[in-house]
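The residues making up each chain are set out below.
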Amino acid sequence: MSKLFDGKAIEEIDRRKEGWQKEAYDPQKELDKTFETLSGVPVEPLYTPAHNARMDYLNDLGFPGQEPYVRGVHPTMYRGRTWTIRQLAGFGPPEETNKRYKFLLKEGATGINGVFDYPTLRGFDSTEPYARADAGRGGVAIDTLEDMSILFDGIPIDKVSSSLVTCQPICNISVQSMYFANAMMRGIPLDMLTGTSQNDFLMETAITVAPELLPPKFSFKLSCDAIEFCTKHVPRWNPISFAGYNYREAGCTADQEIAFVIANAIACSEELIRRGLDIDSFAPRLSFFLSSHNDFFEEIAKYRAARRIWFRIMKERFKAKNPRSLTFRFHVQTAGVALTAQQPLNNISRAAYHGLAAVLGGAQSVHIDGYDEALCTPTELSSLTALRTNQILQLETRVTNTIDPLGGSYFVEALTNKLEEKTSELLEKIDQIGGIVKATENGWIHKEISNSAYEYQLAIESVKMPIVGVNCYRMEDEELPIQLFEVPATLLIQEKKLKTIMKERDTSKAKGALDEISRCCDEDRNLMEVIVEGVKNRITEGEISNTLKGVYGTWNPPLF
Amino acid sequence: MGKKKTMRILIAKPGLDGHDRGAKVVARALSNAGMEVIYAGLHQTPVQIVNAAIDEDVDAVGLSILSGAHKTIFPKIMTLLEEKGISDILIFGGGTIPKKDRGELKSLGVGEIFSTGTDTRDIVDYLDRTLTR
Chain A
1 MSKLFDGKAI
11 EEIDRRKEGW
21 QKEAYDPQKE
31 LDKTFETLSG
41 VPVEPLYTPA
51 HNARMDYLND
61 LGFPGQEPYV
71 RGVHPTMYRG
81 RTWTIRQLAG
91 FGPPEETNKR
101 YKFLLKEGAT
111 GINGVFDYPT
121 LRGFDSTEPY
131 ARADAGRGGV
141 AIDTLEDMSI
151 LFDGIPIDKV
161 SSSLVTCQPI
171 CNISVQSMYF
181 ANAMMRGIPL
191 DMLTGTSQND
201 FLMETAITVA
211 PELLPPKFSF
221 KLSCDAIEFC
231 TKHVPRWNPI
241 SFAGYNYREA
251 GCTADQEIAF
261 VIANAIACSE
271 ELIRRGLDID
281 SFAPRLSFFL
291 SSHNDFFEEI
301 AKYRAARRIW
311 FRIMKERFKA
321 KNPRSLTFRF
331 HVQTAGVALT
341 AQQPLNNISR
351 AAYHGLAAVL
361 GGAQSVHIDG
371 YDEALCTPTE
381 LSSLTALRTN
391 QILQLETRVT
401 NTIDPLGGSY
411 FVEALTNKLE
421 EKTSELLEKI
431 DQIGGIVKAT
441 ENGWIHKEIS
451 NSAYEYQLAI
461 ESVKMPIVGV
471 NCYRMEDEEL
481 PIQLFEVPAT
491 LLIQEKKLKT
501 IMKERDTSKA
511 KGALDEISRC
521 CDEDRNLMEV
531 IVEGVKNRIT
541 EGEISNTLKG
551 VYGTWNPPLF
Chain B
1 MGKKKTMRIL
11 IAKPGLDGHD
21 RGAKVVARAL
31 SNAGMEVIYA
41 GLHQTPVQIV
51 NAAIDEDVDA
61 VGLSILSGAH
71 KTIFPKIMTL
81 LEEKGISDIL
91 IFGGGTIPKK
101 DRGELKSLGV
111 GEIFSTGTDT
121 RDIVDYLDRT
131 LTR
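Read top to bottom, the protein sequences are chains A and B.
So the first sequence is residues 1 to 560, counted in our numbering.
So the second sequence is residues 1 to 133, counted in our numbering.
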């Protein structure tokens, strides 16, 4: 036992605080507003040891790199190694994005964070009817293995770690396979590769829906196939990054964000154990992707609570033993949804606060948003400014000097406990429904998110949630002070490459590869095993997706 | 105010980007303001959207576009409507559509384009004003 405060002292503090409130605080005027966090947790005027009366230091907080990991996942945290600066980049054809990657690496980015265009994310080739208008938008267009080799041309993928934002499993199963196949063709053994892929089935079925979705249980299967493949062949790769960031962007509150990623991770763990894997063979590589939104302290408390919840679930529910299985490791992107199209330069300060919260919360890698992201894909200037903001945070502010500097703050500890409690309640509810896949199939998750998104909008419109430049301090007839990004021509370039490939490739080999994928679905084997080999026969992402849809069918999600 | 016909509005999210938060929030706000709202859901190609607008006999179609594809999608929809001889359906939109592109869209006959950060009550007012004229 290592209780921080003794009962007598707490009673005295409580008694005196009541006196202070009555005599000193209450007679003063409070501003006419509701004091609560962005996710609706009421916030009191002052926090004292009484809010943490039962805190047991060793059991509840411990030390960095040790159970329960609340204070950080590494013993040295940023004193040993600073967070990875992983700025998202991707647009147009792979030839153009390759240049941006090289630019960011030259300017000091320490990892690649590659985002794919909408057709690629949804499993379509650039030339398909649904896809044509969106080719090259929101990310880089990848149709075949050849595109992948152009994208990473001249980049030492045996040394630089790559995060592939292959959000949807239907995209990941092809694009991730192309990344691995490209490494094999460059003579780099798969066990040397380091990186992360997103691969989250909720992204496909609940967060950002598009036509021709795979049914949730098959999307979930593809996600687990990739985890299983990496566990066996690419041991240093994080095969999934549960995309809480995107759940938040779609409308979730802070507690929903961490509850849903953890529920998703629980489902994956159960499935992989069912397939015969040991929890400690794959759990060390499960990683998380979270948002950093406007409520500074709530975000910090969220990261700390997530570490404690994950530790307890892994230890108690799954009996994990490897310390790495017990640690909640996460990447943060600053909240795009918090950026404004109005007075866009203000977004530089917003994203800097978001980045600071991520780092005070112990993030392993951080992307800071460009100031123009509410208007367009970031320009070179806005990408560079975001990169520099990240570097200023790392090098100038000295927040890296000590570990978990807000640990022990009466407020932050109380809020951490509160978020843990709210998240645990949601996790219980999901367990009652029968797990996250069921909660998706029956639309519960869609409804939760949609309700939160609507409440958020009402809070803005009632000015309960002030947003500078939007519902206060507006400027009429504002002149846009920035240049907007124009996506380079993509469709024609991709179309030409696809035509050449169709003409030149060995048709029977391509057909054989697709047939093998179809057989693999029927026999319920691991799809990544065959797709990594299949893509070498120059089959396209769209062909692979169509084969999968041919066997699994498609699904219409519930709409709220 | 005299009794008037309930407005029917189709809200659609064309393209593949999947950022449907805004479209759904607007759909709910219009519905709460007493309009009949049809959310087009996964019917996302211009052809599907125009067909749905005709089948549902709507007064207006709101398109939410965040991918940057507005300069492809709006003209396509306007052309399809023209080909079908339809001129009494108001097309309006919103999303990440830069101010500088709005003039071009309006010259095609598109109505108001609402930027990110718009109050949903402004959209309700606009539809009230425009459709009851």
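Simulated from the structure, these hints should not be mistaken for lab results.
There's no promise every hint is true.
Taking lysine-lysine pairs in the DSS-like style, the calculated list, with each CA pair at most 25 Å apart, reads [claimed, not checked]: (1) A:LYS159 with A:LYS217; (2) B:LYS71 with A:LYS496; (3) B:LYS76 with A:LYS496.
Covered stretches of chain A (chain B as the covering partner; in silico rule of three or more C-beta atoms under 8 Å from a C-beta of chain B) [unchecked claim]: (4) 87–97; (5) 275–289; (6) 332–343; (7) 372–382; (8) 400–408; (9) 466–476; (10) 480–489.
For glycine and all other residues, C-beta sits at the position ideal for the given N, C-alpha and C.
If you draw a straight line from the CA of LYS159 (chain A) to the CA of LYS217 (chain A), is it 25 Å or shorter?
Given that 25 Å is the threshold and the Cα spacing comes to 35 Å, the pair is violated.
Distance restraint between LYS76 (chain B) and LYS496 (chain A), which requires alpha-carbon spacing of 25 Å or less:
Distance of about 24 Å is within 25 Å: holds.
Are at least 3 residues of the segment 87–97 of chain A within less than 8 Å of chain B when you compare beta carbons?
Result for this restraint: violated, n = 0.
Quick check: do three or more residues in the segment 466–476 of chain A have a beta carbon closer than 8 Å to a beta carbon of chain B?
holds (count 4)
Under 8 Å between beta-carbons, do enough residues of the segment 372–382 of chain A, three at least, approach chain B for the coverage claim to hold?
Our answer is that it holds, as 4 residues pass the Cβ test (under 8 Å) against chain B, meeting three.
The segment 332–343 of chain A covered by chain B? Criterion: 3 or more residues, Cβ-Cβ distance below 8 Å.
holds (count 4)
Take a quick look at whether LYS71 (chain B) and LYS496 (chain A) sit within 25 Å of each other, Cα to Cα.
23 Å, holds
Using a Cβ cutoff of 8 Å, are there at least 3 residues of the segment 480–489 of chain A near chain B, or does the coverage claim fail?
holds (count 3)
Quick one: see if chain B covers the segment 275–289 of chain A, three-plus residues with Cβ-Cβ under 8 Å.
violated (count 0)
Under 8 Å between beta-carbons, do enough residues of the segment 400–408 of chain A, three at least, approach chain B for the coverage claim to hold?
violated (count 0)
Of the numbered hints stated above, those contradicted by the structure are hints 1, 4, 5 and 8, listed in ascending order.
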